[in-house]
Amino acid sequence: MILPRMFHSATLLSSGKVLVVGGNYPNSSACEKYDPVSNIWTSIASMSTGRFLHTTTLLSDGKLFIVGGFDG
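The numbering of the sequence shown is the working numbering, which starts it at 13 and goes up by one.
Source of the hints: derived by calculation from the structure; they are not laboratory data.
Any given hint might turn out to be false.
Using 35 angstroms as the maximum straight-line C-alpha spacing, the simulated DSBU-like pairs for lysine-lysine come out as follows [as the list claims (entries may be wrong)]:
#1 K29 to K75
#2 K45 to K29
#3 K75 to K45
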């Protein structure tokens, strides 16, 4: 990961990449995508409100639903 974090969520996407969202350190709104084929982490757009101890669910249309936890 680019940023150290704890209490984040990690979701396997249909592309085989992994989306890591939120966490409690240092920036709870930060999001990163991991490509296991190339072993590269990429920063992507942050959430408008940071979250930690939340749940992220991949919906059938490819969108992500992030709910619960605490705002950072």
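Going through the hints against the structure:
For the suggested pair K29 and K75, the alpha carbons sit about 14 angstroms apart, so the restraint of at most 35 angstroms is met. Among the hinted pairs, K45 with K29 is consistent with the structure: their alpha-carbon atoms are about 7 angstroms apart, no more than 35 angstroms. A C-alpha spacing of about 14 angstroms is found between K75 and K45, which places the hinted pair at or below 35 angstroms, so the restraint holds.
Consistency with the previously given hints is maintained throughout, with no hint failing.
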